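J.: Below, each chain spelled out in residue letters.
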Amino acid sequence: MILKTASVLAFERKLDPSDALFFSGRWDARSSGSSWSPVNIKPKSVRGTISNRLKAKDQDPAKLDAAIESPNLQTVDVAALPADDDTLKVSFTLRVLAGTGKPSACNDTDYQTKLTDTVKAYVEANGFTELARRYASNLANGRFLWRNRIGAEQVEVRVAHLVNGIAENTWVFDALALSLRNFGVSTQAQNDLETLAGLVANGLAGTLHVLLHVTAYVRLGAGQEVFPSQELILDRGRGDKSKTLYQVDNIAGMHSQKIGNALRTIDTWYEGADAIDPIAVEPYGSVTTLGKAYRQPKQKLDFYNLLDNWIVNDKVPPLEQQHFVMAILIRGGVFGEAG
Amino acid sequence: MSDLLTEKSRDRFRTSILQFLRGRLDAKLEKLAEDDPNRDDLIAQYAAPVWLEDAARRVRQIQVVTHSLKPIHPDARGTNLYVLPEQMEGLAEVGSHVLGQDFSGDVVGNAAALDIYKLLKLEVDGRTLLDWLLAGDSDAIAALSDDSVQAQAWMDAFAGVTRPRDGVFASHARAKQLYWFVGENPVLDEHYELLAPLYASSLAHAVFQIINEDRFGEQNKLAREARRERKDYDDSYRSYPDLAVQKLGGTKPQNISQLNSERGGNNYLLGSLPPVWQSREIRTPWQIDSVFEHLYGQRREVWLILRDFRKFLESAPPSTMETRDRVDAYVDVLIGELVVFAAEFQNGLPPGWSSDHQCRLVQAERLWLDPRRAEIPSEEDFYKQWLWMDWPKGVGARFGNWLNAQLNAHGKLPLGDIEQRYWQRELLLDESQDGWAQHLRQLRRTQDSPTYIPTRNSMGEGI
Amino acid sequence: MSTMFTESDGLLILPHLRIQNANAISSPMTHGFPSMTAFLGLMWALERKLAAQQMFSPAFRSFDSVGVICHGFDEQTTEGGYVKAFRLTRNPVDKDGSTAAIVEEGRIHLDITLVFGVSGGFIEHDEAMREEVARNVLDVLSTLRVAGGSVLPPAPSFGRAIKPELIRWADDVDDARKQFRRLRRQWLPGFALVCRDDLLYARLDALQAETPESTALDAWLDLSRFNWRPVPSSKKEDGKIEWQHDRTEGWLVPIPVGYAALSDSQPAGSVLNVRDAQIPFRFVESLYSIGQWLGAHRLSNAQQLLWYAQTVPEKGLYRIRNNFAPPAPIQPD
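Residue numbers (the working numbering), protein chains in the order written: chain A, 3 to 341; chain B, -12 to 450; chain C, 22 to 354.
Worth double-checking, as some hints may not be accurate.
[As the list claims (entries may be wrong)] Straight-line Cα separation of at most 20 angstroms, PhoX-like style, residue types lysine-lysine; simulated pairs:
(1) B/Lys218 x C/Lys257
(2) A/Lys243 x B/Lys234
(3) C/Lys256 x B/Lys218
(4) B/Lys218 x C/Lys261
(5) B/Lys105 x B/Lys15
(6) B/Lys208 x C/Lys261
(7) A/Lys104 x C/Lys70
Hints in this document: simulated from the structure, not taken from any laboratory.
Just so you know, these numbers come straight off a predicted model, no measurement behind them.
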């Protein structure tokens, strides 16, 4: 039987985080739920300085003075901790869904059967252990805090397993004691991390309904600036804000996509990975912030080449590339041949 | 006689085509120097038989459509359709069929071949050349070439511009394809049909033109000014609430379609947004001992219901089942308004507002309208009183007294005597184990425990 | 085929679902709330998922219709200005690292109550069992996309009932009415979306009385905007005159109400790149009508807020309907 890739092939994401919301308070009050107030976003006028190269005709000193007199006024959004609060609290929920490898759309039943068998074989051999360990690490190490993690004096991450709305178990991690560069674990956190990873793996395998509530406390120092997500607005009107930050019901927040991106930053299996940090699992290994893709089609290590070889040509990729392919299926997306 | 007419008609088509070619040629020649050696080549290219032959070949690069795929997703490739609105089912809803004969065709494909579309859009005797060719008009065909075989071949090519390329229908992984249940049992796969919505380009264009005229047109501008100055005016001023604009094709609207390019990639979306509760300003109830008289009773909705209610009672209805139902219904609507009214305070004012010294409300109303004060750690008493649930009956009694006073002579309703459970339920306090009351208990219990603590309920926050 | 409204034996209510990042663009011409077609699609998907769970046999359970009550929303658009723009989340990157084509996907966060008209033996269970069924349905629904968005865990908040309920209508008419009144109050504050085809036709008649060539599109746009006109009788001595608008018939909004065929139904497998080659395929376009957001306490019975599908293949009509107003004719007279 000659198999081809299905022309319509799509998967839904299996790690489904909510938006994260920002609150502020005192480090000592981490256990007091009611003493945290929302971080608000405020518009601020800033003077852009003249820094672009001036055209020859504008280099007349009088004109330059005039230009500096009428500076480039812009309005931007900013968010910061109040003067009395030294700690940022970031919280979100994460739903772990079963059914990895089961397409939400696939128009070739033979292909789908082969795909299902392949995923099943992977799971039987490996479980979701390796992937879940990495996802759990990215919860514990606070990678999802992005810029807010930089320069923090202390970061504590609490992960609660919710069952019928009640926290059945809670694990507390010292995020700064965990590395962002690799997924090795300090012995201190090992037990908790393994338990959490086991839970995530069970959620992916469908043996348990897993909903996690994640809260990070970031001790930044009173009045420090914090960094919610930035919004992308095409076609801004004249006089509109040049930077808009994300908020939900007047609470500063981070987009769920950004949380998801941090959680799946587990790819250390691309070529040249030793030199660089883990990157987010993406079909071509693309990294938005760097404007670069680390799994180019010509290297044959991109998702499409790996998947086609595995499913269609029976060329089983090395184990770490199998992990990568599974992580893409967990990420979800539209992957048809015609795409 | 009829031959003569035909000839005249054919000539009109031909003149049109030649004028079109002449115009395009002149535009090109203008850019060339008088002695440019390419001039003669150019002139030769624009001779009708040469240009038409080339056009008949290139026309396959474009398709004239009424419904297109790319607006759904710019990376989608597949079938676009040309469906004459007047040939569509005459449904009662709004769809492309409402356009009738008056519609703009759109063009998808290679923008370099758009010149051919301009030819096909030449208007002759009130219809476009394309319309005539699609209708198989013999004069239009004859105008293409004196060689009838040639003319027929070109006409086939040009008329083919509305047909999907490749001759076979195709959708795409990026296209929308939705399952529509058409059978008896939603569990069975075969009881569905796949529906693939295309973007109604011609309809969207008609809507765009109307809205754009209303946004930027002179008439509406004058009307707006007249309204602002409260002057008389012989037309209306139109404004679209919650109008949004969606960009199709990003910075390259021409990649989507010709009409999209003409619209600068702007697609207007009309607002379907729900109303927002709490749109009215909330007055904090300072210096009054009850909200019934001064605030609740002043609401327009309440006042209107009361007026009807009174009128009904004044008509001295017989004491039948039907009358009882009517009375129940009036009271029910009033309680509904009461719940809406209370929610404005409960959600619209900061928790703890009722502890301000300006607040003179009786305790039952404070417990009712400021429930989240019970979440504050220092409000232990308030929390206990709230959970004791003695107060809903108090609120109910006050409501009953107020209502009876409003209805005065027209009959007393025994509202004050209704049991506490009833009011607890009516005021929406009958909460389940995972409701707010439970949340409140847990919150108080765990206030100092080092485990997970819910703080503020909102989008994205847990529990 | 369920082309008529089914009088259900009961209701399944999932209160205060918080949906994050649902589709705000409901059709090529409307935004601000997901299309009701998405909620019908959700209902069908839910039935299939429940069947896969084998909790109850399909014969024992039937979802007939769906209604939605909106308690709150947060559409991700820019504020201020005459037109809104959508706030997007990121610049996607292509395989070469360059910025990929941006597809503007409007997003909205919702706080909604979903109400399903349900029938079948499963509603005859005792209260404890019904409660378990309702909770199970909520669990399953939480794993599905709702109008493209994710279901967040419930947030207990004062005045919000969040417990899912499966209700069997009481046999006694009076008791059933009381049941409904309690429910409708629980849905406050909130608005139900109901269909107002009748107002579209009435406006068309009114326009045609003045301008015979007016179309349903003209009537639709007329109802979708404020038409301000001077009121001659209000003229003061100083010549000033009051202007009034015509949106006095409630909170009316333009909405998509299903699809109209653009092609014949194509046999299964005959069209390239379809997501399912086992069933027929048809090209369609969106159809539009007028809806109304109605305060939940203004509903007089459950039927008023429930929507169902009506398919008339020979007319190429794939509609969603709601019987708040008398059902519309399939073809205008």
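J.: Hint numbers the structure violates, sorted upward?
T.: The structure conflicts with no hint, since it agrees with every one listed earlier.
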